[in-house]
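Engineer: In case you want the letters, here they are:
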Amino acid sequence: MGKLLKYEMRKTMALKLILLGITAVAEVAFLITLYLNEKAADTLALTSVLLFFIALAGTVLIGVQSVLTLHRDMNTKQGYMLYMTPRNSFQILGAKMLENGLSLLLAGGFFFLLGLLDVTLLFSKLGSLEDLWKMFQDFMRMINTEIQLNSWSVLCLVSEMLASWLATVSIAYLADIVASALLNGKKMSGFVAFLFFIALTGVLGWLQNLLRTGAAIETILLIRAGIALVYAGIMYAVSAWVMDRYLSV
Amino acid sequence: MITSKDLTRKFGTKTAVDGVSLTLTPGHVYAMLGPNGSGKTTWMKMAAGLMKPTSGEVLFEGQPVGVESRRHVAYMSTEPYFYPWMTVKDVGAYYGDFFEDFSAEKYASLLREMELEEGMKTRTLSSGMMAKLKIAVTMARDARVYMLDEPFNGIDLLARDEIRQSILRESAEDKVLLLSSHLVEEMEAVCDTAIFIRQGKLIEVRNLEEMRETDHVSMADRYREIYGHTEG
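Protein chains in written order, with this note's numbering: chain A, 1 to 249; chain B, 1 to 232.
No incorrect hints appear here.
Below are the DSS-like pairs computed for lysine-lysine, each with C-alpha atoms no more than 27 Å apart in a straight line:
no.: 1; chain 1: A; residue 1: K3; chain 2: B; residue 2: K121
no.: 2; chain 1: B; residue 1: K14; chain 2: B; residue 2: K201
no.: 3; chain 1: A; residue 1: K3; chain 2: A; residue 2: K77
no.: 4; chain 1: B; residue 1: K201; chain 2: B; residue 2: K175
no.: 5; chain 1: A; residue 1: K77; chain 2: A; residue 2: K6
no.: 6; chain 1: B; residue 1: K106; chain 2: A; residue 2: K6
no.: 7; chain 1: B; residue 1: K106; chain 2: B; residue 2: K89
no.: 8; chain 1: B; residue 1: K52; chain 2: A; residue 2: K187
no.: 9; chain 1: B; residue 1: K89; chain 2: A; residue 2: K11
no.: 10; chain 1: B; residue 1: K201; chain 2: B; residue 2: K5
no.: 11; chain 1: A; residue 1: K186; chain 2: A; residue 2: K77
no.: 12; chain 1: B; residue 1: K14; chain 2: A; residue 2: K186
no.: 13; chain 1: B; residue 1: K175; chain 2: B; residue 2: K106
no.: 14; chain 1: B; residue 1: K89; chain 2: A; residue 2: K3
no.: 15; chain 1: B; residue 1: K121; chain 2: B; residue 2: K106
no.: 16; chain 1: A; residue 1: K16; chain 2: B; residue 2: K121
no.: 17; chain 1: A; residue 1: K186; chain 2: B; residue 2: K52
no.: 18; chain 1: B; residue 1: K10; chain 2: B; residue 2: K201
no.: 19; chain 1: A; residue 1: K77; chain 2: B; residue 2: K121
no.: 20; chain 1: A; residue 1: K3; chain 2: A; residue 2: K16
no.: 21; chain 1: A; residue 1: K16; chain 2: B; residue 2: K89
no.: 22; chain 1: A; residue 1: K77; chain 2: B; residue 2: K89
no.: 23; chain 1: B; residue 1: K10; chain 2: B; residue 2: K52
no.: 24; chain 1: B; residue 1: K106; chain 2: A; residue 2: K3
no.: 25; chain 1: A; residue 1: K125; chain 2: A; residue 2: K39
no.: 26; chain 1: A; residue 1: K6; chain 2: B; residue 2: K121
no.: 27; chain 1: A; residue 1: K77; chain 2: B; residue 2: K10
no.: 28; chain 1: B; residue 1: K52; chain 2: B; residue 2: K14
no.: 29; chain 1: B; residue 1: K201; chain 2: A; residue 2: K186
No lab work stands behind these hints: they were computed from the structure. Note that this is a predicted model, so its numbers are computed, not measured.
Work out the full structure: start from the sequences and follow the hints.
Structural biologist: Next up, the structure:
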């Protein structure tokens with residue numbers, strides 16, 4: 001699987017380099033504003049929001065690109081490169097899923113640490129700005145009303161978001177594989193696959209929301225992440241089975 | 001070595017391959033012949049394990065084609081299929097990573113013969129150069145079965161000679177070579193057995209030497225006899 005993983009990494013490298021470049025530019029702009037132009041509050045807010053947006057969009061894009069790569073590998077001639085190798089569908093899809101999981105983990109970890117660093121720098125420089133702190137907390141509450149702003153809770157939140165996104169990507173894999181393998185050439189196959197995706201995403205949400213305990217929010221977030229990972233595993237197994245049995249490239 | 005049993009593949013209402021039963025044995029170079037849409041490519045893709053049959057099966061040494069057969073079967077598609085970010089060198093590295101029978105030395109030698117440079121980007125190759133690259137990387141494997149779909153497409157006369165030589169070099173007692181092409185005369189110089197397919201059905205499998213001796217016709221003559229009225 002290592003060699004498959006190597007080529008999956010290579011296929012997605014361009015997007016990651018672009019994201020890294022954009023993040024570097026935004027980070028430099030943030031640091032310049034923070035240390036050399038501290039009166040420019042608007043610019044500081046803008047660069048902070050920009051960095052946050054890049055982190056969110058970047059993580060989403062990594063997942064979307066993974067689904068698009070799988071789609072190309074099943075529906076264009078470049079799929080021969082993959083399916084003529086002596087590797088089975090479980091290995092092929094496993095490498096894709098692993099690449100996506102690792103990329104999400106690395107991107108999530110990178111953006112989490114960068115965010116932590118920037119917030120620390122921000123408060124060490126402008127620690128007296130209570131309004132800014134309050135604004136940040138309000139923003140966090142927008143994402144999850146119960147979350148407290150400390151490193152552990154943010155880490156739990158980031159883990160839950162990454163695991164849920166990985167599960168969503170794995171659902172998209174299955175929907176695309178069903179469209180390419182079972183519904184190929186049939187009318188409305190894309191629409192049926194989309195409905196399938198929506199239904200399976202709904203089931204994931206329903207399962208995650210079954211949890212209504214008095215436990216701490218961090219615990220609930222970690223359990224939700226666990227449910228998402230198990231769900232992603234089930235999606236992977238079903239997807240690879242369908243691919244193995246029915247996919248023609 | 002490769003056997004298809006009552007192999008059928010349908011695309012909606014169209015039947016591309018219709019109940020083809022066929023055995024390819026080692027020591028032969030086969031020409032798979034038929035007009036466009038006769039099912040040659042579809043049969044090859046099923047034999048390569050890339051396409052699932054609607055019914056019937058393809059066996060490699062008695063086992064259904066799949067992961068194990070892909071270790072020993074070298075398939076070359078007629079369409080370009082390399083990743084666009086690859087260079088000629090990357091293509092060789094990729095085959096080297098996945099196929100134990102791939103020889104980097106043989107690949108380098110074939111590239112020299114075909115006048116291809118390792119630093120060339122596959123997305124910038126002309127159709128002729130791409131065809132040469134596909135041949136070079138496929139023939140650099142020491143496979144048990146080679147299936148080349150339209151290997152002479154888009155290639156000039158001199159390059160065709162080189163390709164013909166590299167194909168002939170690989171013919172051996174323990175190997176199967178299967179080629180499909182519209183260039184029937186080109187094929188006659190390389191192949192010893194002809195497989196005629198029409199509208200997805202197997203018409204006949206003929207040993208060329210025997211056909212010349214008994215029927216006094218060449219492969220091209222027989223092709224005209226079978227397809228003349230359908231191709232106009």
